[in-house]
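Q: Sequence:
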Amino acid sequence: MVLARQEREEFADLLSGLNPRQWEAATLCQRWRVRDVVAHVISYDELTPAQLALRFAKGMFSVDRSNAIGVADYADRTPGQLCELMRVHAEPSGLTAGFGGLIALVDGMIHQQDIRRPLGLPRVIATERLLAALTFARTAATIRGGWRARGVRLVADDVDWSAGSGPSVRGPGEALLMAMAARPAALADLEGPGKAKLAGHIGG
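In the working numbering, the protein residues as written are -3 to 200.
Just so you know, the hints here were simulated from the structure itself, not pulled from any lab data.
Computed from a predicted model, the values in this text were never measured in an experiment.
Some hints here could point you the wrong way.
Stated by the list, open to error - Computed spacing ranges between beta-carbons, pair by pair:
| id | residue 1 | residue 2 | range |
| --- | --- | --- | --- |
| 1 | Glu42 | Thr135 | 35 to 41 Å |
| 2 | Ser12 | Glu124 | 32 to 38 Å |
| 3 | Glu87 | Arg61 | 26 to 32 Å |
| 4 | Gly116 | Ala71 | 41 to 47 Å |
| 5 | Trp143 | Gln26 | 27 to 33 Å |
| 6 | Pro45 | Pro189 | 42 to 48 Å |
| 7 | Gln26 | Ala192 | 18 to 24 Å |
| 8 | Ser12 | Gly199 | 31 to 37 Å |
| 9 | Ala68 | Ala137 | 32 to 38 Å |
Just so you know, even glycine gets a beta-carbon here, dropped at the ideal spot from N, CA and C.
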């Protein structure tokens, strides 16, 4: 849970420095602006178990539709309010607290990079957090990183992490994480004989 809280605190720090134009900018999440991504990240924390079940029922048990409902629920919040909610919910609760906070950690890390990459705002991710996210992303049901990276060996060149078997794909751990999360933009930061196979699995 500590790692997830640290990630969300850094996320809030990023948001506090964005200008109005950046809040409306496109992200790596198709059709979602920065404000929409932020709303998604926090939209599950305030739900009771009954409310969570109702949201999925309204979304016809589709993750994408349920996520869209959550984003719509926060459409009237200002950037300042969304930033404050990120700080209020720095300690994950509800669904995102699952697996000791790993759901919140991975979701927050991926979505923070969804915002940072298009805005040209790189960062150095704490090694402990990055390693935990890489490992969990391979088996997390909503990410299916291991499935997308099937048939290749992922090798991080900035942290001590590798996984899988087959022709290698090397690069920064952050780029490997984003590739496992089906972000084709991350392929530009990767190299190796397995890159074409990985690209085929994520649509790049």
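Q: Each hint should be assessed against the structure and marked as holding or not.
A: Outcome of the hint check:
no., hint, verdict
1, Glu42 x Thr135: 35 to 41 Å, "violated (27 Å)"
2, Ser12 x Glu124: 32 to 38 Å, "violated (24 Å)"
3, Glu87 x Arg61: 26 to 32 Å, "holds (28 Å)"
4, Gly116 x Ala71: 41 to 47 Å, "violated (26 Å)"
5, Trp143 x Gln26: 27 to 33 Å, "violated (20 Å)"
6, Pro45 x Pro189: 42 to 48 Å, "holds (47 Å)"
7, Gln26 x Ala192: 18 to 24 Å, "holds (23 Å)"
8, Ser12 x Gly199: 31 to 37 Å, "holds (33 Å)"
9, Ala68 x Ala137: 32 to 38 Å, "violated (24 Å)"
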